[in-house]
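Q: Start from the sequences, fold in the hints, and give me the full structure.
Just so you know, the sequences run in chain order A and B. The first sequence begins at 1 in full-length UniProt numbering and counts up by one. The second sequence begins at 1 in full-length UniProt numbering and counts up by one.
If you are wondering where the hints come from, they were derived from the structure by calculation, not from laboratory data. This list has only true hints and no planted wrong ones.
The list makes no distinction among identical chains, and a pair is therefore deemed to hold if it is satisfied within one copy or across any two copies.
Dumping the calculated DSSO-like pairs for lysine-lysine here, alpha-carbon to alpha-carbon at most 30 Å:
(1) K124 to K2
(2) K35 to K117
(3) K151 to K192
(4) K35 to K124
(5) K35 to K2
Small disclaimer: the values here were computed from a predicted structure and weren't measured.
Here is what each chain is made of, one letter per residue.
Protein chains: 2
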Amino acid sequence: MKLIGMLDSPFVRRTAIGLSQLGLTFDHQSLSVFKDYSTFRQLNPMVKAPTLLLDDGTALMDSSLILQYAESMSTHSLNHLNPALFAKEQQIVGTALICCEKTVQIVYEYQIRPEDKRHEPWVKRIEQQLQEAYRQLNQLANTHQALFDTKKLSHASIATAVAWNFTRQMRPEQLGNDAFPRLRDWSAECEKTEAFRKYPYDDAMSGGGPWASA
Amino acid sequence: MKLIGMLDSPFVRRTAIGLSQLGLTFDHQSLSVFKDYSTFRQLNPMVKAPTLLLDDGTALMDSSLILQYAESMSTHSLNHLNPALFAKEQQIVGTALICCEKTVQIVYEYQIRPEDKRHEPWVKRIEQQLQEAYRQLNQLANTHQALFDTKKLSHASIATAVAWNFTRQMRPEQLGNDAFPRLRDWSAECEKTEAFRKYPYDDAMSGGGPWASA
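A: In structure tokens:
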């Protein structure tokens with residue numbers, strides 16, 4: 001199977017790292033939903049990253065749906081079976097995805113639109129949601145330290161590290177490096193692991209395309 | 001547990017119908033992420049609909065993550081255990097979610113922004129993606145008719161009907177009623193079921209607030 005999308009999208013990157021941690025084999029094709037629009041469109045007319053193309057041609061989209069399918073194909077799991085811990089994991093993933101989504105919305109406002117088409121009240125609203133999401137995520141990572149372990153990465157802990165690094169790279173002014181120390185430290189720890197180094201944000205940047213949502 | 005959000009959000013509505021079909025008991029609190037922003041913010045500072053508040057205070061967000069958690073709490077499933085059919089279900093849900101997301105993006109462009117802040121190339125791009133997504137969804141519904149059965153609703157078949165009704169209500173000019181006949185007929189069938197009538201789009205409209213994403 002083939003994962004399509006650039007690793008500077010946090011949704012693509014968390015999918016790539018999750019698939020690899022689940023022990024699944026896949027090719028990665030780094031295509032931008034902007035720069036490579038027409039090539040991407042031939043593979044998936046909806047031009048959505050990540051796209052996971054299965055061997056029978058089925059195209060899966062949406063990082064959460066892809067990873068749920070991947071879980072069912074793997075002999076092990078990056079989720080907790082204990083209901084209370086599974087709920088916490090889903091809360092953390094949901095919060096990290098909001099961090100990604102709100103960052104993407106801010107980036108889109110500044111990079112897709114000409115200056116005179118930006119709408120300040122909208123940006124202010126998103127920035128407030130982003131701050132709240134990171135505040136909540138930092139608190140969750142502090143309270144549930146056992147869920148953040150590089151020896152046993154989970155969908156939640158991967159999403160958290162990927163989100164933090166993405167926002168720091170794309171909109172550093174949104175996050176002081178010391179504003180959420182637990183997230184900063186967790187991101188630093190994760191970026192040293194083999195899985196994160198195999199699917200790095202930086203390499204993707206050399207491709208020059210912007211990030212895609214979901 | 002309590003589901004927060006208005007049923008004119010397709011993400012909230014598919015969650016409500018999915019939870020009820022899984023046999024889970026919940027209260028529904030209809031709050032708008034726009035009109036009821038400050039009240040919503042007290043319950044969830046990220047102001048994200050749907051939010052599922054568990055009895056221990058855990059706040060789950062994102063319809064796919066909520067429904068994945070709900071599956072684990074239920075004695076039955078709205079997914080297929082057969083891997084090939086599960087892949088198809090995930091493909092259909094992913095495509096329906098793109099239909100919802102692209103519709104929301106068009107609605108946001110027209111309802112959140114003043115006219116002089118709209119960006120035509122962006123709208124054109126989204127409209128093209130929306131058309132492709134509905135073309136694909138109609139084809140999937142035609143090819144996999146066994147997956148669309150009101151006697152055995154699944155996450156995929158629910159998402160499809162909810163998406164179609166949402167776009168027809170919010171941006172009817174995007175979808176001729178006869179452009180995608182299989183989707184039109186499936187939506188009509190679903191809207192007659194008890195589950196869809198219990199969580200209707202129309203009632204929510206009387207609340208007057210707009211739709212929220214994810």
